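> One letter stands for each residue in the lines below.
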Amino acid sequence: MSDLLSISDLSITFDNGPRVVDGLSFSIDKGQTLALVGESGSGKSVSALSILRLLDERHAAYPAGHILYKGEDLLQAPEKRLRQIRGRHISMIFQEPMTSLNPLHTVEKQISETLELHKGMRGPQARRRCLELLELVGIPAPETRLTSYPHQLSGGQKQRVMIAMALANEPDLLIADEPTTALDVTVQKQVLELLKSLQQKLGMAVLLITHDLSIVRRYADYVVVMERGKMVEQGATEALFRSPSHAYTRKLIDAEPPEHPLPATSGTETLMTVNNVNVHFPIRKTLLGKVKESFHAVQDASFELRAGETLGIVGESGSGKTTLGHALLKLTPSTGQFSLCGTELSALSQKAFRPWRRRVQIVFQDPFGSLSPRMSVEEIIREGLEIHEPGSSGQHEARVIQALKDVGLDPDARHRYPHEFSGGQRQRIAIARALVLQPDLMILDEPTSALDRTVQKQVIELLREIQARYRLSYIFISHDLAVVRALSHKLLVLRQGRIVEYGDAEAIFREPQQPYTRELLNAAFFYQSTTN
Amino acid sequence: MATLSPIQRRRLNNFTANRRGFWSLWIFLVLFGLSLCAELIANDKPLVVSYNGDWYFPVIQQVPEETFGGFLPTEADYRDDFIASEIQSNGWMLWPPIRFSYNTINYELTVPSPAPPSAENWLGTDDQGRDVAARVIYGFRISVLFGLTLTIASSIVGVAVGALQGYYGGKIDLFGQRFIEIWSGLPMLYLLIILSSIVQPNFWWLLGIMLLFSWMGLVDVVRAEFLRARNFEYVKAARALGLDNRRIMFRHILPNAMVATLTFMPFILTGAITGLTSLDFLGFGLPSGSPSLGELIAQGKANLHAPWLGISAFVSLAVMLTLLVFVGEAVRDAFDPRKN
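Line order of the protein sequences matches chains Y and P. In this text, residue positions in the first sequence follow my numbering: the first is 766, and each later residue adds one. In this text, residue positions in the second sequence follow my numbering: the first is 6, and each later residue adds one.
No lab work stands behind these hints, which were simulated from the structure alone. Since the model is a prediction, treat every value here as computed from it, not as a measurement. Note that CB positions come from ideal geometry on N, CA and C, so glycine has one too. Worth double-checking, as some hints may not be accurate.
To be verified - The calculated DSSO-like cross-link candidates involving lysine-lysine, where the alpha carbons are at most 30 angstroms apart (straight line), are:
(1) Y:K884 / Y:K835
(2) P:K176 / Y:K1055
(3) Y:K884 / Y:K795
(4) P:K176 / Y:K1050
(5) Y:K1116 / Y:K1050
(6) Y:K845 / Y:K884
(7) Y:K1057 / P:K306
(8) Y:K1116 / P:K176
What the hints assert, rightly or not - Far from chain Y by the CB rule (all over 12 angstroms, computed), these chain P residues:
(9) E80
(10) P192
(11) V330
Given these sequences and hints, build the entire structure.
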């Protein structure tokens, strides 16, 4: 048995329900990277958690299968033995760095906890090891970071601390459950490169769980594809990408968004002009309510948008792209001018602006949060109509049905509640709610970030189709450059509230002028450029 | 039924799916309905009198004693032997099942009051010779009516204040919370005692005074819901659709707060009923002579040798409060969108 970990015929059920994982088999060699890919709900995270038996066993059961770690069946192992293995021989890093670290403990305490537990290291010895580890994961000035609390670290740094914790006892196998999904593209690249170099240095095996195939292609040696709990295909990465044999794998690989937007419908009239828009958030106020200190979230944003065109706004988290979108909708107070079809909107009061709202609509990122859970789909969609176009209920119903058809949903579903729909369907409902008012401009705030790649592609296709049919303009806000590229005619790059670059999207993607844009594009597309 | 929208129908289904709550509601409605007709069940006047070929309905009309051969122009006392035999010999009369009203004193008791249960006084009498069964029926009615009125009134005030504070936040919230902190520090019981020495507190006085303090129970819950929900994306989406503040509050945020409110309401209702009962028990509640469960408990405490007083009061209170809590649970289920 040369395999480090070998899983055979693993099945998992919850509360004696249907099998969420059914007959999964694969094995990992020493020093190998195996990627487990699939869409959300395919059972990949559950499988990973079951290796360390971290599932709640009051609900979860393993009706069949073996998980052999160096020949020892972990499914049969007693809890005491598992505790020795966890963190020492097999360790795990989780998706969400914000919640995986205990907010009340310092970095040093969190790392040395596992050292003390498995190696009995204490005091100066443990501290030395902590420093070593922090240096290993590339945290600058590690001495000062030892006493930091998680909230004092950035997302990327937190994930590095997580990795340091996982590597503290030099495990043989590292399970990385979507390690970079919550991070910005540039940070994502750094963390992945770090993992790769550490793996080479320490010679450990990595089980990488991800939905992002471009990462898999660059980092994994071997790929296991899962669909609804079943393994559909496995093979060496290169061979699998070159000739996927299963239809589902092909679908996943083809889910890369298209590289160019549809040509804008010819037209030159300017729809929206934005001039020196600024947004400040007060941080501290005096006793009398005067702002003492404020955060400049958007600085001097100016751009123009033509009818039927898409402006992509890209930037990392905290760059002010969402704030800018909200400012244009007057959901956030701002200074500066912006106008729609020549009418100055920035000076209007909230009340005077209300009739204009039907012409500028927004679709939010989180399809689970943006629909009122206590209203039926029909109520959600017709609400805007009732305000802006008082009319008979029959007319409204016809419009609702038309809007649902436009976004590719069955109109009979309109009496159901949002929670009965999947993420992609919910996003379609949100688009229908905006579309039913026949707006001129839709602000799309990361509408695809919460969706699986294949669903993402469908939504992008839908947005392209609607734009062509109704000659809509979009402001498309996203951190995902591949998606932005599929829709945008113009591009605006934001960094810390400032516009770094603005111009024709095609030109910027081909030849970015600013170093920051170049870095961003490089981080987003380098997985492809290295493999193609 | 045909006019119900699918959503309302589903809520109804959810409600009926909770069998315990569904049956509790029916039992409660029957009991409440019966108690609303208390005058027809327990009264010291007959329902119908036929005298010399004429028909009289003493429950809804005043008939002077002279009509039945008496001497006084005041209302007839049908329990009086002379009048009763006079009517019986010239016609007939139909009595309600319990021949006592809440304030009728049974002068024909053969044992000293409080008298134990008998064929005439089903649950016995209290220490003033009044029929306990009649007093329980009237007491149940007044308790439920008081509780419902107070619950509705304090929910309206509480939800409105909580909604305004939570939605607008800032100074409104700050001053509102400070006001509530001070206001909730006022001693309600002493205020009632002081007040009852100035005016004779009746139903409406008590309602008003208890409302002054009971509205605060819901404010915190509703305010917290509104504070949380005003930053939800679907509330932002509603603003982006052009809804005004009033509509956003009512249609988008209030339904969220409604679950908290509805789960709280049975407790407010039971709290209001027990509040009234305890005031009556202490003697600061409804004017003396009114049928009240609290006064019955007080009598049970004063007359430990007459257990039917305490047991009657306890059972009627326990049944009423239990039914209301079960109904409350079913209502909460009905509005839960995650239930199918």
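> What's the verdict on K176 of chain P and K1050 of chain Y, does the C-alpha distance respect the 30 angstroms limit or exceed it?
holds (14 angstroms)
> For a C-alpha distance cap of 30 angstroms, please report whether K1116 of chain Y and K1050 of chain Y respect it.
holds (27 angstroms)
> Please verify that the nearest CB of chain Y lies beyond 12 angstroms from V330 of chain P's CB.
holds (24 angstroms)
> Can you confirm whether the C-alpha distance between K1116 of chain Y and K176 of chain P stays at or below 30 angstroms?
With a Cα-Cα distance of about 22 angstroms, the restraint between K1116 of chain Y and K176 of chain P holds, given a limit of 30 angstroms.
> Hey, K845 of chain Y versus K884 of chain Y, does the alpha-carbon distance stay inside 30 angstroms?
holds (16 angstroms)
> Need the status of pair K884 of chain Y, K795 of chain Y: alpha-carbon distance at most 30 angstroms?
Distance of about 23 angstroms is within 30 angstroms: holds.
> Just checking, E80 of chain P versus chain Y, shortest CB gap more than 12 angstroms?
With a cut-off of 12 angstroms, E80 of chain P remains clear of chain Y, as the shortest Cβ separation is near 56 angstroms.
> Evaluate the condition: distance from the CB of P192 of chain P to the nearest CB of chain Y exceeds 12 angstroms.
holds (33 angstroms)
> Keeping to a limit of 30 angstroms between CA atoms, is the pair of K176 of chain P and K1055 of chain Y held or broken?
Within the cut-off at roughly 14 angstroms; holds.
> Just to be careful, I want the Cα atoms of K1057 of chain Y and K306 of chain P compared with a cutoff of 30 angstroms; is the pair within it?
violated (65 angstroms)
> Does the structure keep K884 of chain Y and K835 of chain Y at a Cα separation of 30 angstroms or less?
holds (21 angstroms)
Against the hints set out earlier in the document, a violation occurs for number 7 only.
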